[in-house]
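Engineer: Listed below, chain by chain, are the residues.
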Amino acid sequence: MSNKYIMPLKSLQEVDRKLCGNKAVCLGMLNRLGYTIPEGFCLTRNAYDLFVAENQIQSRISVELGRKKFEDMRWEELWDASLRIRNFFIRGSMPEALKRLILNGVSEIVHYRSLAVRSSSLMEDSSGHSFAGLHESYINISDPEKLLEVIQKVWASLWSDAALLYRQEIGLDVQTSAMPVVIQEMIFGDVSGIAFSENPNQKTEAVIESVYGLNKGLVDGDIEPDRTILDRTTGQIKSHVIAKHDRIVLCTDNSVAIKNQPLSDEATLNKEKIRVIYSCMRHLEQAFKAPQDIEWTMKRDQLTLLQTRPITTGEKDERGWYLSLTRTLPNLIELGERIENNVLPGMNEAARKLEAQPVVHESDQKLAESIRDRKDVLDYWHQVYWEECIPFAHGVRLFGQVYNDLMKPEDPFEFVDLIANQPFKSLERNERLQRLGRFIAEHQAIEIEAILSDQQFAKDFKQFKVELHSIQSFQSEEELSEKELLALIQRISVQPTAETNALQQHREKIQRFMTAFYNHYSEDPQPLLEVARKSYRFRDDDNIYLGKIEAQLNLALSEGRRRLIVKYPEMEGKSFNAEETIKSLKQQNHCPKPSEGFIQKIISGTVSARQLRGQPAGKGLAQGRAVVVNCYDDMLKVEQNDILVCDAIDPTMTFLIPLVRGIVEQRGGMLIHGAIIAREYGIACVTGIPLASQFIQTGDRITVDGYLGIVTNHSRSINEV
Amino acid sequence: MHNDDALFKKIQELLAIRRFGVLATQGDVYPYPTLVAFSADDDSRHLLFCTSINTRKYQNLSSHHQASMLITSETNSPADLENAEALTVLGTCSELNKERPQAVAFINKHPYLQEFFQSPSTKIISIKVKKYILVTHFQTVMEYSFE
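These protein sequences, in sequence, are chains A and B.
If you use this note's numbering, the first sequence corresponds to residues 1 to 721, in order.
If you use this note's numbering, the second sequence corresponds to residues 1 to 147, in order.
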């Protein structure tokens, strides 16, 4: 059986590379070199093209990726785009003729055995870079319906967030890119592993890594392998380290899972088997004219090769860090516990200690030291935040993917509804504000001093002032008057709190997911749901705790700034950073250098924007007066039913949310703080408009279309038409 | 007045093949042209397009229901002068319920606009065609009227 859609792996030759991709063609070549490969076939790029054409996916990807320039997209936005594209594939229908061909292929070539389904990208690994993990593979698939589903997922992985990140290197293009798929018999080896004919760390060596059972755990980094280092030219064993054999990847219904299970202490490979693998990799290096990275498995001494590819190098830029954010569920559970038990209490304790220290010191030197100490504490926790808290945010993404695969929702962000409605710190703070507002309303006629003499009120009020100060970019020349603050609180507190009347629907949605998950995986969905909720909640809480530490630094910085403006009056109205403040306090004649604000208003001449396009982050349509919040004082301009325009909603700014009708954020992403809080309150929100503050001014009449991600400015037209 | 099957067939072909047309609405001061994705119903008596309610064209149509659309087969080459066909459509606009079969036909022609189509902030507008004016071979101008 061979046609334009299906070609047996054993028949593939170099000439088929453009149709079948690298992985598939290399398997064909291994077969011709006399090695055993699993029975199977390649679903060619024609199959991908047919599916994409029948489901009109190409033009929809164009629309999705055309929202804004690639280079302007943040990582979060790439993930959002990828999730939307993935949904096009998951919800697409397999053309009947193609379905029949695939199932015939399974029947005739693989004889209905359990299957492995792997991507065979046309560009993969051909540019000298390592693109491992860009595309998806699935193993132990035995149900035909499930097979069709995973094929669609492998196709979708052509547009994974990681692939979008490396789009230039892999030549990803909406018009020309396609994804052939390898469908092969699953080999349940006794021992499996990988082999590098040249050790990437030491070119005179070769490396073999091996585990009992399937090699998925090894490839994913979840199981420690035995490691054999050999002399590359002679094959002599230089070292052979045997790992603790206590975990193995076992097959479950339609998938695999890692199980803790004591296994033999004996080495997974004896000398003879090592020699066989060494000979194989040397031979392949000669045949393919480049050092090879090989995946293999052995069953009763029979070596089967699963794939071979040239050894590539890893990227050492920030993209490598981004790719490392992908974590497994056990890893996330462990990380979540660490954040809950160590990181967040640690941040809180650090803030508490700083609060207990005096801000005002007699000498400038002492004040400079205090600022330095506070900055060091903040820098430390900031690093922890990047290393622990941001990777933990991946829990939401993992859940989103599982939810969409299972429920195939029309709205790819429906999953957020299942993990929202939690006791956010921001919402707690807003409740506190409501309390303050009610108190002010009840004591309208009384003097400010009298209101502030109430102990509980004074405590809540002080807390509110500290939180306002924590917004680093909002450092102000002058303290806001208490009268102005009280007026702001009163405006905010007359707004209703977050809607909770959809709670019943919310519960039903959760129940549907729980049932579907259990029916599909025969596993308890609770751990995944818990991780997702924790991940979602911590995304808010960690920012709040970090904000508390920042608030303490800002208090000391404000004092430093006050002193420096007395000394250098020309600095009045200009902002300068912590390092400049420290330097100027320490050195007698050092005038601080001003830093630039993030917004440069460039409305001039005849350039204006009538409509700006970003990401639809909170459903709704809202029209109102824009208030561009660029600094501390701008927040006071926010009135009821205004549209808030800002760079990014800092968690400490969320008290403004109940007041506003819509939000426009320059930063993009569906899971960033502003988007989350807007969804929570049911407010129209558009994110990812980097030019918002350039083309919108406070007072402009604007419309936020949170369904389509469009902001219309009705006040800025070159000519009336 | 023409009632020529060949002419009508030619018009229908153009309406079926082309995805986009230039819609002209009446602004307070100037005529206002914009590019829109359109579809035509089976008998070509109505053309459909979608617009956000925040656009100028929607505002213009709220005040002046008359609109025209230009649909061409031009390819931006000199040969267009002789080869391109240009169809001008004159008609009156009204909003159409998205559930109507004609509205579904629009999304069948433009499935990539599904999200835009379904948004509560998007309206589907039907142009009831009064007259088609087909220009071929540079200066051959034929008219097809439903009246």
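The reader is advised that the hints may include incorrect statements.
What the hints assert, rightly or not - With a straight-line Cα cutoff of 27 Å, these simulated DSS-like cross-link-like pairs (lysine-lysine) come out:
no.: 1; chain 1: A; residue 1: Lys216; chain 2: A; residue 2: Lys271
no.: 2; chain 1: B; residue 1: Lys131; chain 2: A; residue 2: Lys619
no.: 3; chain 1: A; residue 1: Lys4; chain 2: A; residue 2: Lys18
no.: 4; chain 1: A; residue 1: Lys593; chain 2: A; residue 2: Lys583
no.: 5; chain 1: A; residue 1: Lys366; chain 2: A; residue 2: Lys4
no.: 6; chain 1: A; residue 1: Lys408; chain 2: B; residue 2: Lys98
no.: 7; chain 1: A; residue 1: Lys548; chain 2: A; residue 2: Lys509
no.: 8; chain 1: B; residue 1: Lys98; chain 2: A; residue 2: Lys99
no.: 9; chain 1: A; residue 1: Lys68; chain 2: B; residue 2: Lys109
no.: 10; chain 1: B; residue 1: Lys123; chain 2: A; residue 2: Lys619
no.: 11; chain 1: B; residue 1: Lys109; chain 2: A; residue 2: Lys408
No wet-lab data here; the hints were simulated from the structure.
Engineer: Verify the proposed pairing of Lys98 (chain B) with Lys99 (chain A), using a straight-line Cα cut of 27 Å.
Structural biologist: 33 Å, violated
Engineer: Next pair to validate is Lys123 (chain B) with Lys619 (chain A); report whether the Cα-Cα distance is within 27 Å.
Structural biologist: Roughly 17 Å between the alpha carbons, so the hint for Lys123 (chain B) and Lys619 (chain A) holds.
Engineer: Would you mind confirming whether the straight-line C-alpha gap from Lys68 (chain A) to Lys109 (chain B) stays at or under 27 Å?
Structural biologist: 24 Å, holds
Engineer: Does Lys271 (chain A) lie within 27 Å of Lys216 (chain A) when you go C-alpha to C-alpha?
Structural biologist: 23 Å, holds
Engineer: Next pair to validate is Lys593 (chain A) with Lys583 (chain A); report whether the Cα-Cα distance is within 27 Å.
Structural biologist: This hinted pair holds, its Cα atoms lying about 10 Å apart.
Engineer: Would you mind confirming whether the straight-line C-alpha gap from Lys4 (chain A) to Lys18 (chain A) stays at or under 27 Å?
Structural biologist: 12 Å, holds
Engineer: When you check the alpha-carbon spacing of Lys131 (chain B) and Lys619 (chain A), does it fall within 27 Å?
Structural biologist: The given pair, whose Cα atoms are some 40 Å apart, is violated under the 27 Å limit.
Engineer: Given the hint that Lys548 (chain A) pairs with Lys509 (chain A), does the C-alpha gap stay at or below 27 Å?
Structural biologist: 35 Å, violated
Engineer: Lys109 (chain B) and Lys408 (chain A): Cα distance at most 27 Å?
Structural biologist: Roughly 24 Å separates the two Cα atoms, so the pair holds.
Engineer: Are the Cα positions of Lys408 (chain A) and Lys98 (chain B) separated by 27 Å at most?
Structural biologist: Distance ~23 Å between Lys408 (chain A) and Lys98 (chain B) Cα, so the pair holds.
Engineer: Check the hint pairing Lys366 (chain A) with Lys4 (chain A) against an upper bound of 27 Å on the C-alpha distance.
Structural biologist: 77 Å, violated
Comparing the model with each numbered hint stated earlier shows that hints 2, 5, 7 and 8 do not hold.
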